[in-house]
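Asker: Residues per chain, in single letters:
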Amino acid sequence: MLKVYINPETVTVNGQMLEHQEKGSALLTELYRKHVGNYPKFFKMDTLSKLGFVASELLLQAEGAPRFEPREDRAVVFFNRCASLQADTNYQATIQDPENFFPSPAAFVYTLPNIVTGEIAIRNKYYGETSFLVLPACDMQLMARQLQNVFLDPMTTSVLGGWLDCADENHFEAELFLFEKSPASTNQLSNRITEQLKNKKMDELIYTLKQQIIEALNLEDMKPEDIDENASLFGEGLGLDSIDALELIVLMEKNYGIKLQDPSQGKEIFKSVAVMADYIQKNRTK
Amino acid sequence: MGGRGMIVSIANNIISPLGMSTTENYAAVKVGQSKLQRYEGRWGLPEPFVASLIDREGVEQAFAALADNAKYTFFEKMLILSASKAIAEAGIDTSSDRVLFVLSTTKGNVFLLDKRETGFPKERVLLGVAARQITDFFHNPNTPIVISNACISGVCAQIEALRNLESGTFDYVVVMGCDVQSAFIVSGFQSFKALSAEPCKPFDANRCGLNLGDAAATIVYTRKETAAPEEWVACRGAIRNDANHISGPSRTGEGSYRALKAVLGDMDPERIAFINAHGTATLYNDEMESVAIERAGLAHVPVNGLKGYYGHTMGAAGVLETILSMKAIDDRNILATRGYETMGVTHPLVVSNQNQATEKRAFIKLLSGFGGCNAALLMAKGGELC
Numbered sequence: 001m002l003k004v005y006i007n008p009e010t011v012t013v014n015g016q017m018l019e020h021q022e023k024g025s026a027l028l029t030e031l032y033r034k035h036v037g038n039y040p041k042f043f044k045m046d047t048l049s050k051l052g053f054v055a056s057e058l059l060l061q062a063e064g065a066p067r068f069e070p071r072e073d074r075a076v077v078f079f080n081r082c083a084s085l086q087a088d089t090n091y092q093a094t095i096q097d098p099e100n101f102f103p104s105p106a107a108f109v110y111t112l113p114n115i116v117t118g119e120i121a122i123r124n125k126y127y128g129e130t131s132f133l134v135l136p137a138c139d140m141q142l143m144a145r146q147l148q149n150v151f152l153d154p155m156t157t158s159v160l161g162g163w164l165d166c167a168d169e170n171h172f173e174a175e176l177f178l179f180e181k182s183p184a185s186t187n188q189l190s191n192r193i194t195e196q197l198k199n200k201k202m203d204e205l206i207y208t209l210k211q212q213i214i215e216a217l218n219l220e221d222m223k224p225e226d227i228d229e230n231a232s233l234f235g236e237g238l239g240l241d242s243i244d245a246l247e248l249i250v251l252m253e254k255n256y257g258i259k260l261q262d263p264s265q266g267k268e269i270f271k272s273v274a275v276m277a278d279y280i281q282k283n284r285t286k
Numbered sequence: 001m002g003g004r005g006m007i008v009s010i011a012n013n014i015i016s017p018l019g020m021s022t023t024e025n026y027a028a029v030k031v032g033q034s035k036l037q038r039y040e041g042r043w044g045l046p047e048p049f050v051a052s053l054i055d056r057e058g059v060e061q062a063f064a065a066l067a068d069n070a071k072y073t074f075f076e077k078m079l080i081l082s083a084s085k086a087i088a089e090a091g092i093d094t095s096s097d098r099v100l101f102v103l104s105t106t107k108g109n110v111f112l113l114d115k116r117e118t119g120f121p122k123e124r125v126l127l128g129v130a131a132r133q134i135t136d137f138f139h140n141p142n143t144p145i146v147i148s149n150a151c152i153s154g155v156c157a158q159i160e161a162l163r164n165l166e167s168g169t170f171d172y173v174v175v176m177g178c179d180v181q182s183a184f185i186v187s188g189f190q191s192f193k194a195l196s197a198e199p200c201k202p203f204d205a206n207r208c209g210l211n212l213g214d215a216a217a218t219i220v221y222t223r224k225e226t227a228a229p230e231e232w233v234a235c236r237g238a239i240r241n242d243a244n245h246i247s248g249p250s251r252t253g254e255g256s257y258r259a260l261k262a263v264l265g266d267m268d269p270e271r272i273a274f275i276n277a278h279g280t281a282t283l284y285n286d287e288m289e290s291v292a293i294e295r296a297g298l299a300h301v302p303v304n305g306l307k308g309y310y311g312h313t314m315g316a317a318g319v320l321e322t323i324l325s326m327k328a329i330d331d332r333n334i335l336a337t338r339g340y341e342t343m344g345v346t347h348p349l350v351v352s353n354q355n356q357a358t359e360k361r362a363f364i365k366l367l368s369g370f371g372g373c374n375a376a377l378l379m380a381k382g383g384e385l386c
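Chains as they are written, first to last, in my numbering: chain L, 1 to 286; chain C, 1 to 386.
Hints may be right or wrong, so weigh each one.
Sample of chain C residues with no beta-carbon within 10 angstroms of chain L, all distances over it, derived [stated by the list, open to error]: (1) Ala-27; (2) Arg-98; (3) Ile-147; (4) Thr-169; (5) Gly-297.
Rough simulated footprint, nothing fancy, chain C against chain L, three-plus residues with beta-carbon under 8 angstroms [claimed, not checked]: (6) 88 to 99; (7) 132 to 143.
In short, the hints are calculated from the structure, not lab data.
Just so it is clear, the structure is predicted and the values come from calculations on it, not from any experiment.
The beta carbon of each residue, even a glycine, is placed where N, CA and C say it ideally should be.
Work out the full structure: start from the sequences and follow the hints.
Answerer: Spelled out as structure tokens, the structure:
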């Protein structure tokens with residue numbers, strides 16, 4: 001299984017960082033010029049299509065197989081949250097003002113998220129399945145299940161697919177995979193899901209912990225969003241004192257069944273919310 | 001389908017300008033009714049257009065029996081109304097985690113992007129967030145899946161249902177399709193010069209574009225070991241791309257041809273009552289379909305199209321047209337293609353121009369859309385043909 005990840009600041013191909021100077025949509029153009037080129041249609045695309053196009057090119061270059069030979073056995077299946085929101089917003093701008101009402105066909109054509117699947121099919125002469133699914137939020141487990149289901153079409157032997165989301169030209173994320181119909185690919189996809197679920201669980205724990213700290217220490221007017229989980233809890237960060245530290249020891253026992261025998265342990269554990277959460281994750285009894 | 005059992009349609013509904021139930025809709029279509037009419041100045045649009053728009057007050061009156069009108073957008077109300085009727089008919093408990101909702105739509109609540117619209121949180125413009133309104137209404141715990149594959153979404157959503165039932169992940173899938181018209185959509189199609197100034201004429205020599213329409217439609221699918229002779233089975237579906245152009249149909253009908261071949265398999269075309277085509281009545285779409293149907297060796301199979309009754313209902317089309325095709329075969333009928341008079345495609349098809357009797361028990365639903373996508377679905381009554 002091959003993987004490409006792109007957000008406005010980072011690009012990785014199979015886990016290896018790809019060097020670049022630009023950010024946001026300019027990054028996509030930079031990637032196009034450096035790694036693709038000679039495909040002027042790129043410049044007509046909306047950001048979602050540019051993102052999918054560049055990410056798929058990087059994936060297919062990593063695959064290293066002969067390109068541009070017509071085939072029907074490879075599906076292109078993407079998922080996201082925003083559908084074609086950026087293109088929708090751009091098109092709406094051309095009709096918003098009745099005094100300046102000039103609906104743009106070039107903008108309208110991109111107001112369908114699946115256009116990017118067509119762009120990739122055209123580029124690569126893929127006659128196979130192309131599909132776009134929209135979810136309320138990124139859900140790797142659901143996505144992996146649906147991607148495996150694509151192989152229920154007996155024609156399909158490989159899938160270029162994954163998460164492809166774009167809210168606007170500075171907010172986008174692609175995590176695309178290229179995988180064959182094989183148990184090994186299934187395993188790799190499910191490993192990726194486990195990793196994401198672990199991260200998600202950690203994020204939830206950090207949020208809950210922040211709420212509990214605010215409540216236990218009467219940090220009125222503070223919201224979980226105000227606390228940086230990596231900032232130090234004592235001194236310059238949140239500015240907690242030694243009585244607060246005792247309160248945190250109570251919190252750990254009450255909510256997570258963790259008994260800290262030695263208060264000096266607290267120094268390490270209460271370094272930041274993130275460190276606390278990590279300790280809780282590993283040692284909790286409830 | 002082997003040991004996987006059969007995917008059976010157990011209930012359905014259509015909400016459209018022609019009625020609030022499948023029965024009403026089928027009866028209206030059978031006698032040739034349509035609510036396609038000319039609108040001038042609607043939604044402040046400078047150009048007039050012909051469309052099949054639903055009476056919004058009528059929908060709100062019906063919705064009042066279900067929930068507070070102020071809480072849901074018109075798009076969401078259409079979906080909830082249609083789904084409630086189908087779910088009641090199916091008699092399933094939607095709060096079970098064995099029930100999945102799949103929504104087919106292209107533009108959902110897109111009207112919320114208009115700065116003058118302030119009644120709802122802007123987040124509802126996101127298709128998944130809108131879908132959540134529906135699953136929350138039905139107390140369903142699963143993440144809803146939205147298929148947004150342009151005009152083929154309604155068939156793709158049914159294929160998604162088939163796969164999720166075949167793989168055993170769910171016991172029931174509620175497939176809903178809906179789009180409601182707005183200044184956004186109508187002006188976009190106008191900018192494409194794709195709209196006809198009169199009721200559309202699918203496959204006709206004088207066809208000059210499509211009409212748009214409001215509708216919501218729902219089918220509830222489940223998996224059974226075997227199907228009864230009177231039950232409808234979704235045999236198989238396929239999605240294929242033209243790999244040709246993002247908005248123009250392929251001259252060789254590439255994707256539609258390949259999708260037709262895939263669903264036909266080794267089935268004898270003689271068993272097929274009709275192909276219910278996309279038939280938007282644009283010059284290029286209907287021509288492309290004729291090429292694809294001929295290439296697939298199906299030129300002698302009757303073809304019909306339903307856009308002359310409803311206009312193009314976008315995300316609803318694949319679901320709505322599948323339901324009416326099932327109803328037609330239940331009635332031993334091949335529906336007429338409203339608006340069609342004279343053969344207007346270069347690869348002649350047997351376009352059904354009036355209701356005609358049939359004893360055959362299978363049909364193919366065909367769709368194509370922007371992004372070069374095409375989809376076909378083979379439906380058979382009783383399932384022995386699958």
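Asker: For each hint, tell me whether it holds in the structure or not.
Answerer: Comparing the hints with the structure gives:
1. At roughly 34 angstroms from the closest C-beta of chain L, the C-beta of Ala-27 of chain C stays outside 10 angstroms, upholding its exclusion from the interface.
2. Remark: the non-interface label on Arg-98 of chain C is consistent with the geometry, its nearest Cβ contact in chain L lying 15 angstroms away (cut-off 10 angstroms).
3. With a cut of 10 angstroms on Cβ distances, Ile-147 of chain C falls inside the contact zone with chain L, its closest approach being about 6 angstroms.
4. Against chain L, the non-interface label of Thr-169 of chain C is violated: not every CB pair exceeds 10 angstroms, the least being about 6 angstroms.
5. Non-interface call for Gly-297 of chain C relative to chain L: holds, since the shortest CB-CB distance, roughly 18 angstroms, exceeds 10 angstroms.
6. Closer than 8 angstroms: that is the beta-carbon criterion, and the stretch 88 to 99 of chain L has 7 residues meeting it against chain C, so the requirement of 3 holds.
7. Figure legend: the stretch 132 to 143 of chain L, annotated as covered by chain C; annotation consistent (8 residues with Cβ-Cβ distances under 8 angstroms, at least 3 required).
In the structure shown, a violation is registered for the earlier hints numbered 3, 4, in ascending order.
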